[in-house]
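Going down the list, the protein sequences come from chains A and B. Quick note on my numbering: the first sequence kicks off at 1 and runs consecutively. Quick note on my numbering: the second sequence kicks off at 1 and runs consecutively.
Treat the hints as calculated values from the structure; they're not laboratory data. Please note: incorrect hints may appear among the correct ones.
In silico BS3-like links for lysine-lysine, alpha-carbon gap of 25 Å or less [unchecked claim]: (1) B:24 - B:40; (2) A:20 - B:153; (3) A:153 - B:23.
On the chain A side, residues computed to face chain B include the following (Cβ under 8 Å) [said to hold, decoys possible]: (4) 276; (5) 294; (6) 311.
Which stretches of chain A does chain B cover? Using the computed rule of at least three CB atoms under 8 Å from a CB of chain B, they are [as the list claims (entries may be wrong)]: (7) 28-35; (8) 143-154; (9) 296-307.
C-beta: ideal position from N, C-alpha, C; glycine also.
The chain contents come next:
Number of protein chains: 2
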Amino acid sequence: MKHVNVGILGLGTVGTGAAKILKKNAALITKRTGCPIRLKKAADVDRSRTRGLSLPECVYTNDAASVISDPEIDIVVELIGGLEPARSLVLQALKNGKHVVTANKALLSHHGAELYAAAARHGVEIAFEASVAGGIPIIRTIREGFAPDRILKFYGILNGTSNYILSRMTDEGADFATVLRDAQDKGYAEADPAFDIEGIDTLHKLCILIELGYGIRVDYRKIYTEGISRITSLDIEHARELGYRIKLLAICRRAGSLIDARVHPTLVPEQHMLAQVHRTFNAIFLETADVGPTMFYGRGAGMLPTGSAVVADIMAIARTMRSACTHRVPLPLADASGSGLRLQPVKDIQSRYYLRLSVDDRPGVLSRIAGVLGRNRISISSVIQKGRTSRGGATVPIFMLTHEARESDMQNAMRQINRLALVRQKTMLIRIADEISGE
Amino acid sequence: MKHVNVGILGLGTVGTGAAKILKKNAALITKRTGCPIRLKKAADVDRSRTRGLSLPECVYTNDAASVISDPEIDIVVELIGGLEPARSLVLQALKNGKHVVTANKALLSHHGAELYAAAARHGVEIAFEASVAGGIPIIRTIREGFAPDRILKFYGILNGTSNYILSRMTDEGADFATVLRDAQDKGYAEADPAFDIEGIDTLHKLCILIELGYGIRVDYRKIYTEGISRITSLDIEHARELGYRIKLLAICRRAGSLIDARVHPTLVPEQHMLAQVHRTFNAIFLETADVGPTMFYGRGAGMLPTGSAVVADIMAIARTMRSACTHRVPLPLADASGSGLRLQPVKDIQSRYYLRLSVDDRPGVLSRIAGVLGRNRISISSVIQKGRTSRGGATVPIFMLTHEARESDMQNAMRQINRLALVRQKTMLIRIADEISGE
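The shape of chain A in the complex, shown without the other chains:
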């Protein structure tokens, strides 16, 4: 093979990173692939985004369709993001016999099954290492490293923006809104941050990992998802006093034929490695039946880390093309290995809980609340009630940890507690991941 031709759709951060790496590491890439990989076309509606790439004139185009129909292009790299036009372009590229590399977690979590089936039908590869945890090769690890093994559970810090905000709140005692504004100024958070801080981005990545790891199709709408926007510096401070850090986790645990999958802020024991994952870093703590506990840590975003994951996928496909084999590693969902598994409704999970209540500062309040919890089969393991104010009548916080309880019982208790006149704000509830363990 003389060389492999690549066409990139979208020159945002990741597209620019991939193009830069293809250029600056060209000699290394050629040696390790066995042939040169050439960027033949790069499409973006915004010409100014090619600045800093010094692309030859003939490489830039504003017409994505011309890239996916170019008969010389072997691999189409979709880095536009979002659902449309990304979905249509990828489907057409697959239909045209192009291999596809994508970093698009929204697309895969919504339409993965359709895209994997199209790749199978047309005999081409679809690779997506960069869609989860940027520079950490977790997709490859699950598909190849743990190929003979069963994943029992995993806990992922998969969104750099949320982790950055929680880290700074923890380090500085700052409140959510202040850190978010600063993160937006620094470019670590979008102008509209809902996608990151409400857990949607983490949910998308969780869906991809479940489809890969368990071989079942997942409806993302059925997965309980809660973000970090209600976390206050009070929660962080009291979690710390109790020996925990608060992290936004993607959680997935298999028990028999049930998959318990959720996204929510979680109290992580401070000695656990996941508690040491700071700022914009990502990590996945994963436990399999045979290999046992493992952890994978690295940058979850950024031009070069994510760009490098994209280029690793391009090289994997180019290596496959040289050897004239495809689907060496079966496509996700292709092996039906997940038959019989199903998602567990969140109401059926068991967990310990952290509660922050905002209540009237008067006698008998604690017993009323404990009474509601008790009637719902929830027992309290510890309570911190901060010193009552002298003037009374004010609002004070109560912090509680519970013993293990059933989520449906806890939700019933929450509804009853929040209806009490003496409860002044909606109670904050954070689940505890005591069961995470590294050994």
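Starting from the known structure of chain A, arrange chain B on it as the hints suggest.
Relative to the frame of chain A, chain B by itself:
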């Protein structure tokens, strides 16, 4: 393809693990590979080792040569360990057109280049994920996940026995000999533990990672190697007072065309993730040019973790056979990507150092020692001299941290200091890895 036939040589811990996994996970392995993988032969000189495997009568043999010459066997799995007869059997298997999977780090670190060349010549694969860090897929990560990237440096805890001993010394304040004896009783250390505790096993794994990561042939005899047998509970206690944990590390750092590679006990900052790797666990902290810092953590040994890595390699080759392609990922050393790189002599490294001196308890001692260090261009950053005894004339320890200094200067200073009459024991020197950083 109907099925792929495997022959295992050696039914020790790893061989038994691989055989068990091939059996208990057979349905999953068949689905994910696209065809069944059958254990056709299992050879061991000791028949009793097949107990617990319930192998069919026709599978067991005591004749390894009959396995590598069996025309129906596609993949030979060498799990005998050591240099001979493993080397001859692997070479003959490759010559017979068999793919080879091995977990043998001693073999690869001594004869890797010869074996890789033989695999290339005969058009077959040689896979060795299980040779480094057991269940952690670090070989795959370097060859595929980081294919377009350059490794700048890595720090590995690669020997579970040494890490177990250091962990228990740290947790319990116990001394080396006591913990070693207990580890031997528990089966975590061999009757002859030299291989593990003197750093040889770590050195073998370091050599494999260097050949893979940098594409250069390495002479293991040129790599500075020091074990943990001289570490005392005093060193561990004082390292902890200074904010460090002592770990046996494989260190490799690239600077220009020089590779600084070493194995020795190292002071690791206590906040660093590597300091959180306890007991028999392994971890590799690795930094690349584009992806940046990453860490990979998991079990480095054990029947099922290492057996699973072996079976993952078998599956990778079986998947390749189904698609009729080999050397999709180039063999180590095949791409000449390391031309121009060479090992840096240890005398040229720069480091900070921890020193424990055992000296006469009398005035002027510290100034004599500081004088020797100063004349060798070494400056002291902190000193702990424990309270002098009332009676004088006794031996007391002095603990020092130095600023960054050159290894050759430090070795000269050590020779001069150890020659002083007031120095009663050979001075303990441990290098500090302040430069490790996760962000």
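Cross-check of the supplied hints:
Proximity of residue 24 of chain B to residue 40 of chain B is assessed by CA-CA distance (about 16 Å); at most 25 Å being required, the pair is judged to hold. As the CA atoms of residue 20 of chain A and residue 153 of chain B are separated by approximately 22 Å, the hinted pair is consistent with the 25 Å bound. The suggested pairing of residue 153 of chain A with residue 23 of chain B holds, with an alpha-carbon distance near 23 Å, which does not exceed 25 Å. Checking residue 276 of chain A against chain B: minimum C-beta separation of about 6 Å stays under 8 Å; hint holds.
Nearest Cβ of chain B to the Cβ of residue 294 of chain A: about 4 Å, under the 8 Å cut. The hint holds. Restraint check, residue 311 of chain A versus chain B: the minimum CB separation of about 4 Å is within 8 Å; hint holds. Here the stretch 28-35 of chain A counts 6 residues with a CB under 8 Å from a CB of chain B, which clears the bar of 3, and the coverage holds. With 7 residues bearing a CB less than 8 Å from a CB of chain B, the stretch 143-154 of chain A meets the requirement of three and the coverage assertion stands.
For the stretch 296-307 of chain A, the assignment as covered by chain B holds, since 8 residues bring a beta-carbon within under 8 Å of that chain's beta-carbons and 3 suffice.
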